[in-house]
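S.K.: Sequence:
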Amino acid sequence: MSASERETETFIPDLCRVRAVFLVLVTTELVAILFALVRGTEGWLDWDYLGLVSLFGQWTVLSSSALVCLMRNRLNKLGIAGTTMAVLVIVLADVAFFTLAAEQLLYGRAPGFDWRQLSRNLIIAGLITLLVLRYFYLQHLWRFQKQAELQSRLGALQARIHPHFLFNSMNSIAALIDSDPRRAENAVLDLSELFRASLRTDQQWTGLQDELALCQRYLAIESLRLEHRLQQEWKLDPDASHQALPPLTLQPLLENAIYHGIQPRPEGGLVQVETERRGPWVYILIRNPLPPEQGRQHEGNRMALANIRARLEMLFDDQAVLKASRHDGWYTVTLRLPWRDNRSLRKSPQKGTAQW
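Those letters in the sequence shown? Residues 1 to 356, by the UniProt record's numbering.
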């Protein structure tokens, strides 16, 4: 991500999300406890002061978070300096309002009389806000650096066509040219689609339907080599066909199923692929029989799972789940993705933003 692109992205977390607001409230309460500890004289804490500061801080933070949430689209267009100034003005205006309101409510004073208290609150709020914004900005840079690393790993993953897979495929196609030219032609088309997908390194999203079609082409090529040893079972939910997910998410999982589950078994085995949409979630299951040595997990298998998990975390945050399990002689990989329509993402592509 270039510097100019970073300028167009807000570094403020999405304060429309409950988790982000909760973390901000917890941080505010910790600051209130710190102030109460500093003020405490006879005991550890000045409990009355802690109650007042907590109430004041929580109301200020909640109202400021709500305003930042409502203005998020406009903040996206202001750049780093503009966003910093806008958020600072919002927080200081909130602090001024609640300070004057508290003076009137607690002491019965006319608003605007205690300028020293108001100035003190504004200075403290301004310094804390600038420190928090600095932390948000550093987190924003860290997330972009992490995203760049993941994009690099994605490019390596997409470019990774195993030489033995390529050579085996070419040998199988060559053997079919004389005996079954139509099947050889289809195999060449399937192989070209796999290479085309591996070269599409700038694509962030793809539809589940397209990803499954690529997986079917991959298994069709593997069937040339494994023949009757490779059996397939597909249970696909039409309602999940437009789920958005990163490209080449499922093909590496099927590749692991072939090389670590089917190929080591003399009799081969069954590969099962299931998709299902349940409310706001889409579930994808890939099953294959366990290899004879169940205790070993191949390094390539762990690497593929780690890469896919990192990509899902970057695009779906903590809403996506990827887990692998072993039960009754089967190895199952389960993906749970929050529903996102790939068609809407194509119309309005989204860039990665700093979120909690």
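Derived from the structure by calculation, the hints contain no laboratory data. Every value quoted in this text rests on a predicted model; they were computed, and no experiment measured them. Among these hints, one or two may not hold up.
[Claimed, not checked] Straight-line Cα separation of at most 25 Å, SDA-like style, residue types lysine to any residue; simulated pairs: (1) Lys77 / Leu214; (2) Lys323 / Leu212; (3) Lys146 / Ile124; (4) Lys235 / Leu305.
[As the list claims (entries may be wrong)] Derived CB-CB ranges, DEER-like: (5) Ser241 / Leu52: 49 to 59 Å; (6) Arg120 / Glu29: 18 to 28 Å; (7) Ile128 / Asp318: 44 to 54 Å; (8) Leu189 / Phe22: 47 to 57 Å; (9) Lys146 / Arg120: 35 to 45 Å; (10) Ser241 / Gly79: 19 to 29 Å; (11) Leu345 / Glu29: 18 to 28 Å; (12) Gln58 / Lys323: 48 to 58 Å; (13) Gly79 / Arg120: 29 to 39 Å; (14) Val18 / Tyr49: 22 to 32 Å; (15) Phe22 / Leu88: 32 to 42 Å.
We treat Cβ as the ideally placed atom computed from N, Cα and C, and that holds for glycine.
S.K.: Run every hint past the structure and note whether it holds.
M.R.: Going through the hints against the structure:
1. Lys77 / Leu214: violated, 38 Å
2. Lys323 / Leu212: Measuring from Cα to Cα gives roughly 19 Å; hence the hint holds.
3. Lys146 / Ile124: violated, 33 Å
4. Lys235 / Leu305: holds, 22 Å
5. Ser241 / Leu52: 49 to 59 Å: holds, 56 Å
6. Arg120 / Glu29: 18 to 28 Å: holds, 20 Å
7. Ile128 / Asp318: 44 to 54 Å: violated, 27 Å
8. Leu189 / Phe22: 47 to 57 Å: Taking Cβ atoms as reference, leucine 189 and phenylalanine 22 lie about 51 Å apart, which means the hint holds.
9. Lys146 / Arg120: 35 to 45 Å: holds, 39 Å
10. Ser241 / Gly79: 19 to 29 Å: violated, 39 Å
11. Leu345 / Glu29: 18 to 28 Å: Distance hint for leucine 345, glutamate 29 is violated at roughly 37 Å.
12. Gln58 / Lys323: 48 to 58 Å: violated, 37 Å
13. Gly79 / Arg120: 29 to 39 Å: At roughly 31 Å between Cβ atoms, arginine 120 and glycine 79 fall inside 29 to 39 Å, so the hint holds.
14. Val18 / Tyr49: 22 to 32 Å: holds, 29 Å
15. Phe22 / Leu88: 32 to 42 Å: violated, 23 Å
The structure shown violates the earlier hints numbered 1, 3, 7, 10, 11, 12, 15.
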